[in-house]
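*Asks:* Following the hints, put chain L in place on chain V, whose structure we already have.
What follows is the residue order along each chain.
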Amino acid sequence: MFRLLKNSLARFVRQNRRTTVRKSQQRKPTLDVLEDRLALSLASSVSAVGGIKDFYIDGHSAYLRDSQGLHLLADGAKSISAVQDLGGYARAAIVLDNGQLWDYFDYNHMLKYEASNVKDASAGYDFDAVLYGSGWFKDCAFCKNPYTTQFIGFVASNVASISAGEDRDFLPLIAYVDNTFNAFEWRLGNTSWVGYTESLGANVSQVSAG
Amino acid sequence: MGLVENHTDAPYATYGGKFTSNDSWHIVTLGTGAVAISAGTDRNGAPMTDVLFANHSAKEYSSYSPDGALEIGYGIVEIDAGHDGISDVVTPAIGSFPLNDVWRFQDAWPGYNGFWSEPSSWTVVVNYDNY
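These protein sequences, in sequence, are chains V and L. In this text, residue positions in the first sequence follow numbering that gives the first Met the number 0: the first is 0, and each later residue adds one. In this text, residue positions in the second sequence follow numbering that gives the first Met the number 0: the first is 0, and each later residue adds one.
The set of hints was computed from the structure by calculation and includes no laboratory data. Where a beta carbon is used, it is the ideal one built from N, C-alpha and C, also for glycine. Treat each hint with caution, since some may be false.
[As the list claims (entries may be wrong)] Computed spacing ranges between beta-carbons, pair by pair:
1) Leu69/V / Tyr73/L: 25 to 31 Å
2) Gly86/V / Thr19/L: 28 to 34 Å
3) Asp74/V / Thr19/L: 43 to 49 Å
4) Ala107/L / Val48/V: 20 to 26 Å
5) Asn54/L / Gly50/V: 31 to 37 Å
6) Gln149/V / Glu4/L: 30 to 36 Å
7) Leu85/V / Ala9/L: 24 to 30 Å
8) Asn116/V / Asn129/L: 36 to 42 Å
9) Lys137/V / Ser120/L: 39 to 45 Å
10) His108/V / Ala9/L: 36 to 42 Å
11) Phe96/L / Tyr112/V: 33 to 39 Å
In isolation and in its complexed conformation, chain L is listed as follows:
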């Protein structure tokens, strides 16, 4: 377990819309330990894949990833990729087990070189931290 791949359809048949051949596959990560994935789009409308690993870390793979992946963070139990570079991140609340916090992460707009311009934004949606 752990191999994550992106699949992209080839253009469909003109009449009826049937599948055609030459779909493409792109390996997102070969690292072991991926336990959950979520597909969305980045701020450029390009594919964005969030990957949650067994060690509770998460990475985001998109067309803007300078080195192939953006580290979202760790201590994460759920990540849900949306559109426009938005991801929902769930973390256990500190000092309030078994409650959870929910965060909204959004990529910054791309910089001049096509990579992210920092910082991306974190917005708390639900916060049960107690410390």
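Chain V extracted, bound-state conformation:
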């Protein structure tokens, strides 16, 4: 199996490589078993002010690579989600191994603490979808303002995975799957804390919002 996979990779790289950059050897977090994964969170690139911004996690550290070079954003990172935000700048939500959620703002190159006890976070336009993994809000999903860190909407409880997007009116949209494999779409209305939920169906393993 490993031989087959290795050979396939060699062909893949030969056929598709454009440029090569060498780095020092460094261990990366071992990926979970493919079938068990509900969220894709190791790398996230976004086209924004200053060109394309490549956010990724390497060796449990979060990095940003752009035209200015390579920037270490945080150590002890486990997931990263980037988006083009207000003013066209890139922003990334970074979840650490210890459950802390930090936001990186490319417009001022600063990190801002947002929450603790976080299991997963997905960056949306002008908001974060935040799923808590422990504490009072265990398995609860919220819509939060990353600039003020304030809660702006309660999405649902008993949530297994989340994904941030935007609705037809360019307002926050969070798609999620609950612990019984039912999928839903939650949207924030025109007023904070007024949200609308719609079922997307049963027997769903993952949902991704665009």
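*Replies:* Okay, now just chain L, sitting in the frame of chain V:
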């Protein structure tokens, strides 16, 4: 497991923004073996769906797909669709297990006929290959 569908909301109610009826569903792939999906937008701003299959191959479905899907490649363990036709692709590094490589894939601009004009671009973000 394996059915992937796109869901699009119908226009919302004018006052308050509530859901309305007549949302649309579009089956992306009926093929078995899809294990992960990621939603984004293509270079036209239209929906783009990246699908990762259990055999570690990945396909991209968008408004430009000439035959319904663009083969991204194989030997892939993660794919993350962004906007503007950008996808991040993670592959195990050759000869450096368990390290991974990260690639940025971006669709070319559409050709005159609405389909892709080749080539799309691959840019390495992280490379731990050792061979």
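*Asks:* So, for every hint listed, does it hold in this structure?
*Replies:* Going down the list of hints, with the structure as the test:
{"no.": "1", "hint": "Leu69/V / Tyr73/L: 25 to 31 Å", "in the structure": "28 Å, holds"}
{"no.": "2", "hint": "Gly86/V / Thr19/L: 28 to 34 Å", "in the structure": "32 Å, holds"}
{"no.": "3", "hint": "Asp74/V / Thr19/L: 43 to 49 Å", "in the structure": "47 Å, holds"}
{"no.": "4", "hint": "Ala107/L / Val48/V: 20 to 26 Å", "in the structure": "23 Å, holds"}
{"no.": "5", "hint": "Asn54/L / Gly50/V: 31 to 37 Å", "in the structure": "34 Å, holds"}
{"no.": "6", "hint": "Gln149/V / Glu4/L: 30 to 36 Å", "in the structure": "34 Å, holds"}
{"no.": "7", "hint": "Leu85/V / Ala9/L: 24 to 30 Å", "in the structure": "28 Å, holds"}
{"no.": "8", "hint": "Asn116/V / Asn129/L: 36 to 42 Å", "in the structure": "39 Å, holds"}
{"no.": "9", "hint": "Lys137/V / Ser120/L: 39 to 45 Å", "in the structure": "43 Å, holds"}
{"no.": "10", "hint": "His108/V / Ala9/L: 36 to 42 Å", "in the structure": "41 Å, holds"}
{"no.": "11", "hint": "Phe96/L / Tyr112/V: 33 to 39 Å", "in the structure": "35 Å, holds"}
Of the hints listed earlier, there is not a single one the structure fails to meet.
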